[in-house]
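Engineer: Model the full structure from these sequences, guided by the hints.
Each chain, letter by letter, is given below.
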Amino acid sequence: MTVVFYIAGAIALLSTLLVVTRRNTIHALLYLVVSLLAVAVVFYTLGAPFVAALEVIVYAGAIIVLFLFTVMLLNVGREAEGDESHRLRAASFLGPGLLAAALLAELAVAIASGPSAQVGARAVAPRTVGIALYGPYAIGVELASTLLLAALIGARHLGQRQREQGFADLAPADAVAPASGGPAPALVAIGAPGRSPTGGATSATGGATVGEATPQAPHDTPAPRTTRFWRKDDD
Amino acid sequence: MAHVPFEYGLYLAAALFLVGLVGVLVRRNLIFVLASIEIMLNASGLAFVVAGSRWGQPDGQVMFVFILAMAAAEVAVGLALALLFRRAFGSLDIDKADRMRG
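In the order they appear, the protein sequences are chains Y and U.
The first sequence lines up with residues 34 to 268 when you count with the numbering used here.
The second sequence lines up with residues 28 to 129 when you count with the numbering used here.
Calculated directly from the structure, the hints in this document are not laboratory data.
Hints should not be assumed to be uniformly reliable.
Subject to a maximum C-alpha distance of 25 Å in a straight line, what follows is the list of computed SDA-like cross-link-like pairs (lysine to any residue) [as the list claims (entries may be wrong)]:
#1 K123/U x I59/Y
#2 K123/U x N57/Y
#3 K123/U x A123/Y
#4 K123/U x A103/U
#5 K123/U x V104/Y
#6 K123/U x R122/Y
#7 K123/U x G128/Y
#8 K123/U x L127/Y
#9 K123/U x L107/Y
#10 K123/U x S125/Y
#11 K123/U x A188/Y
#12 K123/U x N108/Y
#13 K123/U x F102/Y
#14 K123/U x G192/Y
#15 K123/U x Q193/Y
#16 K123/U x M105/Y
#17 K123/U x V104/U
#18 K123/U x L191/Y
#19 K123/U x L62/Y
#20 K123/U x G187/Y
#21 K123/U x A124/Y
#22 K123/U x T54/Y
#23 K123/U x R56/Y
#24 K123/U x L121/Y
#25 K123/U x L101/Y
Structural biologist: So, in structure tokens, the structure goes:
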């Protein structure tokens, strides 16, 4: 089992380096799966079978699948590679790599100066972990569930704004309820040209700063736009 | 079970964390930045598990469970923001969002 630790650690390090340096998003995410599975093997050899299973199920299963779904939804392909290709030279890794290597050297000195010990002599059973989770750490479990609920509501809210925008594009202009945020609520967050509440004129300042990706708001909608959080003050 | 020195697990965790840090610093694609943050969270969880295994106590694994919950929450919100980012800027290049309030 000792040699398994070293092999899995080397695989984890190598595949993580490949994640950071790949250009293709799907390739990088698949290398990330390899890295997470190797870390799961490391957990198992260290005598933590419960978190090894959690690593495979939650990280390599759920989180990476979420990444892959998003990449497929966004349909990123060649153009995303082109965005970054002029930056991903070996020279661009030089500065951060040197700084990280210096930090790693410091960490290694700090770790090596501490007392040494053997690790993984005995496994900690899932039963023990469960008793600790629902005993002294019960408040932490409650807080984690609250955090997950907040993330669920937040992610749903962000998706909701996007869907309302899709509806607003489809529906006639006066059929859109003002409470739904009006056209292009997602763009308001980044400062799209907004209409003034009284008239129909678009603001002249917003479009120039963002650039060509910002569409113009329609002029003929009399309904005042009710943006919730991101009203531009210079309308 | 393996019999490796305690420090080697921490070396592995530190190396993985710093590789993730380099990814955050170098990459400009939002998906890669989020993946690098996941690498860093995973490495810190590895350090917790190594320390828990050093003492033979379950506390390190409990902390890993909490880190896992936080990573799942972070990636859910982060990827929803990536969808909005792509819709607003037509790209995933985070340099396109380098000024506040548009």
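Engineer: Of all the hints numbered above, which does this structure not satisfy? Sort the numbers upward.
Structural biologist: none
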